[in-house]
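**Student:** Letter by letter, the chains look like this.
Number of protein chains: 4
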Amino acid sequence: MAMTGVLRPGHVQIRVMDLDAGVHHYRDVLGLEEMGRDASGRVFLRAWDERDHHSIILRAADRAGMDFFGFKVDSAATLDKLEADLRDWGLKTERIPAGELLETGERVRFEIPSGHLIELYADKTFVGNQLGQVDPKPYSTRFDTGIAPMRFDHALLYGPNVDQVLELFTKVLGFHLAEYVTLPGSDIPGALWLCCSNKAHDIAFVIHPEPGKLHHVSFYMESIDRVFRAGDIMAAHDVKVDIGPTRHGVTRGGTIYAWDPSGNRFETFSGGNSSYPDQPPIRWTWEGLGEGGGLDVVHRKMHETFLTVVT
Amino acid sequence: MAMTGVLRPGHVQIRVMDLDAGVHHYRDVLGLEEMGRDASGRVFLRAWDERDHHSIILRAADRAGMDFFGFKVDSAATLDKLEADLRDWGLKTERIPAGELLETGERVRFEIPSGHLIELYADKTFVGNQLGQVDPKPYSTRFDTGIAPMRFDHALLYGPNVDQVLELFTKVLGFHLAEYVTLPGSDIPGALWLCCSNKAHDIAFVIHPEPGKLHHVSFYMESIDRVFRAGDIMAAHDVKVDIGPTRHGVTRGGTIYAWDPSGNRFETFSGGNSSYPDQPPIRWTWEGLGEGGGLDVVHRKMHETFLTVVT
Amino acid sequence: MAMTGVLRPGHVQIRVMDLDAGVHHYRDVLGLEEMGRDASGRVFLRAWDERDHHSIILRAADRAGMDFFGFKVDSAATLDKLEADLRDWGLKTERIPAGELLETGERVRFEIPSGHLIELYADKTFVGNQLGQVDPKPYSTRFDTGIAPMRFDHALLYGPNVDQVLELFTKVLGFHLAEYVTLPGSDIPGALWLCCSNKAHDIAFVIHPEPGKLHHVSFYMESIDRVFRAGDIMAAHDVKVDIGPTRHGVTRGGTIYAWDPSGNRFETFSGGNSSYPDQPPIRWTWEGLGEGGGLDVVHRKMHETFLTVVT
Amino acid sequence: MAMTGVLRPGHVQIRVMDLDAGVHHYRDVLGLEEMGRDASGRVFLRAWDERDHHSIILRAADRAGMDFFGFKVDSAATLDKLEADLRDWGLKTERIPAGELLETGERVRFEIPSGHLIELYADKTFVGNQLGQVDPKPYSTRFDTGIAPMRFDHALLYGPNVDQVLELFTKVLGFHLAEYVTLPGSDIPGALWLCCSNKAHDIAFVIHPEPGKLHHVSFYMESIDRVFRAGDIMAAHDVKVDIGPTRHGVTRGGTIYAWDPSGNRFETFSGGNSSYPDQPPIRWTWEGLGEGGGLDVVHRKMHETFLTVVT
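Chains as they are written, first to last, in UniProt numbering: chain A, 1 to 311; chain B, 1 to 311; chain C, 1 to 311; chain D, 1 to 311.
Careful: at least some of the hints might be erroneous.
Same chains, same label: a pair holds when it works inside one copy or across any pair of copies.
[As the list claims (entries may be wrong)] In silico DSS-like cross-links for lysine-lysine, where the CA-CA straight-line distance does not exceed 27 angstroms: (1) Lys-137 - Lys-301; (2) Lys-92 - Lys-137; (3) Lys-301 - Lys-240; (4) Lys-81 - Lys-171.
Treat the hints as calculated values from the structure; they're not laboratory data. In this text the structure is predicted, and so the values were computed from the model without any measurement.
Hey, can you work out the whole structure from these sequences and the hints?
**Tutor:** Laid out in structure tokens, this is it:
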């Protein structure tokens, strides 16, 4: 009861085309802590307010994008239960052995109708944040190292079959729909903001012909003030910015969208709505997403890159 | 799965000794919206980002304090199930008929071992916030009316039998323990911060000989900047302030504690930790709560009023 | 000694093509206080932390733009002295009688080489801000009415002969140059940020073939947080936004550029550099203004409207 | 004209009883940059947005306090003129040779009626801030090193003969009085906030029987958000805090008062009023300073340490 089942976004594996440049970006510019590397050369990082071993995994590859996105669940029993439910719903599932990711237990992997690999897992080593678990300290220099997000917060994924994704996440995985966009002149959902918590969202989807694409990985900032400061730090490191600082109408969060050196979009994000499963979702029309400020409250227009640039 | 069972703090009935003064405080100074009054004269209010009909109920009485605290649950089935579980655990439960509170369904009320009346309910009229449910507007003047919290966030309650309260909330109601304080020189919990979401907490308890006491009702602010501004507005209305602006070490939220005209403490609060049931709770020693900054990071001392002034 | 001579921007008369729409914008959206109207129908307004009678004057006209910009000087003696100095420098000056603007003394008006009418005056009725002059109150609801800038801060003007303007302001009027932009591939100043205080600037100029043009009138906000909030309020009133929220590299202030209903650009601005006359000015190359982030730190590009849209 | 004569607070020499502890505090906790040490062991530091060589000088001594406070003036001619004016007013002046302070020209030193040594000087090596003078960078890690104030802003000094200090600063040195406090039941000024710029103040005095005492040295922060964060960093380093975070009614700045390891009070400060010489000063009664929120808007009381703890 209360918080059960799927708990939160736990990790995402991002493909980078130059590992050193990727590490520089996520570790030195964004300010994540490097937690380790594995035999295959993957780099594991985490943000300062996270308590599990890592959240971001960088893998060198010849094209950018996302390999997989993992949610932590509350127990091994839930993992088994959800695996059975996923199969009942018609998906194939695969068990990835414990240890394939550093400090991470067995994972259940499945491809969803949008073409993305999603994983569930129940175990990742708890390491605590820098403040400690007993009489925690009030401050760590990690709070001011680079852009310094608190946590990996969510991702926005692009692919087909958004209606099936909606059914999967809400009927099988227990998420609720917080906000959605209907396609032009219709009631058909073309974009979804889905939650397994009372955050503004934990994962989001936009309809797109090509499957398995990444729109952005998002990092939560302490305040709007620090989203704004993130823009200065991006500039100092010549990070290419897409949109913002501005506010999204959808989620009502403050945001900057920018690109890592491989062209993967990332977001620094703060504030925004809370959501609960008993509340009817907020509906955005297609015009509302653009001219209505759903994407960009301040400029109230569709930015062309929002719909076209994915990895 | 995900968010189930008990969802969130839904309402709290506060006793005020002068109803007009109380309404002035909560409506005009704090900036809550008055949603209605009932035949008995109770006044129903809510904060600008809440979507149900009301959260704060003021009742004229000859002493200050809290009558009851209600949590919304996800369904009538959950309400039945939790009622049965509460009885199994040994509590008496009472059904309050629908409509006894404006726009609110049937409530299950029970007295917990700390002497507080807690309620569960599954229905309260959804009214939406001022922004609307379709292509919501980006701004309401409600955001800048008075202190203008986003929501009623939690309460801190004082009473005996905190160990039994811990068992009740975690074993029966499905909450997780985010942080706790152990009594001097012991491992016995003397204070609890309990969550049914991934907020820093949804309800908290401190051990106290007298049952059923209210320490404070808390309101969530958009930012630290606005907690600070709340102090200006309190001053303009001659609201008596207890502690802050400062940061709590416990929850890591920015805070001001102050008193309403009847002497009920309220808090304006922002930021702070997220919490999840899989994470071990943070432990504070008694010294950590005081000299360690658990109560007041900046001043790192126990404030005498924290332990002695309740209603 | 210390602060002498020209003290600060005191007023600006803005032409609006629909007076009611203009008043709605500056009074209801921006949140300025209407202080009076004169027989000719001009509307006088001021921001909440200003202490003189008014700073913004709206005049109905058939084209947008700025009629004149006035600086307050410290005394009638300074007014006489500067008038003589201006004549010595070769400008014609005109005395506008006291009372021609509400609550304002005699003004010395002159046209500068960029084609703008600038005025100096020594007297405008001190009315104090809403907080009072003895044991001032800590808060006024004016702080949260509309966008709620603290003050009219500066203007950016476009016109020819920027080199002569530089000489006039620094040699005759006692300003210092805080920052400047050199024209492409040269050392010739093409843009000037000039100060009579230790603010980031009090008036600025950009070289432009057409004389007497207004780029923007700027209003100072309490914080970056409130610049960001201004964007929400603009959106709620469907104010068309040009650039921002972002940071200017020049002045290092947080900014939004937007347009009033007549097409006059205005700015909400916060933070930024201090400046002093003993410090060498900061130089921006033409590329630095664009790709170097002088205009827009976050996006590091020249926005076409910056150079082309003026009134 | 405009900004002339005395420009700004330029340096202050602080006595610390343990030099290493002092350097740790001002360099590592506060985050000032160490610029050099001289043969006598004095340590020279500056804040990140200052452009001259240093502002804070630490001298090891057997008692805490301030040795002297220096203002930069606009030219050698002004230095001569003001020295003559000071002598005419009846003060003895002393010339300290160039180079006695690192990278600093000749200084004119004099003891004012409150028993403090004040200095004027026209030359200190301009070193620029970390951002550079041509196409300056948008960000330096200095912005996030320690508490990271932008600049040494002002000092508050305690001593007798405040009426004579007022005359000296306003009649001889060209300052204007921004705010003042009258002694209980009288019109006699007991505290002064004096400006040579349009800041809230550049130096302040409170009447006190013992001459030459230091109440605090103040550092300007970018925002209220960062004043609040300063409290976290103070806590992490176990810096003892006196008052705040709160807002001063006087100056309307956000503040924390705390103590360095030798017991010298320092302030982290942001926001606040602007001031100009043509505006009548704001008057605070003695009750206004305490119960009226002049010292502490949020708590509206006189803190005993404000009047009693000086070095």
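**Student:** Each hint should be assessed against the structure and marked as holding or not.
**Tutor:** These are the hints, each one checked on the structure:
1. Taking CA atoms no more than 27 angstroms apart as the test, Lys-137 paired with Lys-301 passes between copies only; the shortest distance there is 14 angstroms, against 44 angstroms inside one copy.
2. When the C-alpha separation of Lys-92 and Lys-137 is checked against a cutoff of 27 angstroms, the pair qualifies neither within a copy, at 45 angstroms, nor between copies, at 42 angstroms.
3. When the C-alpha separation of Lys-301 and Lys-240 is checked against a cutoff of 27 angstroms, the pair qualifies both within a copy, at 20 angstroms, and between copies, at 11 angstroms.
4. For a Cα distance limit of 27 angstroms, the shortest separation of Lys-81 from Lys-171 qualifies both inside one copy, at 13 angstroms, and across copies, at 21 angstroms.
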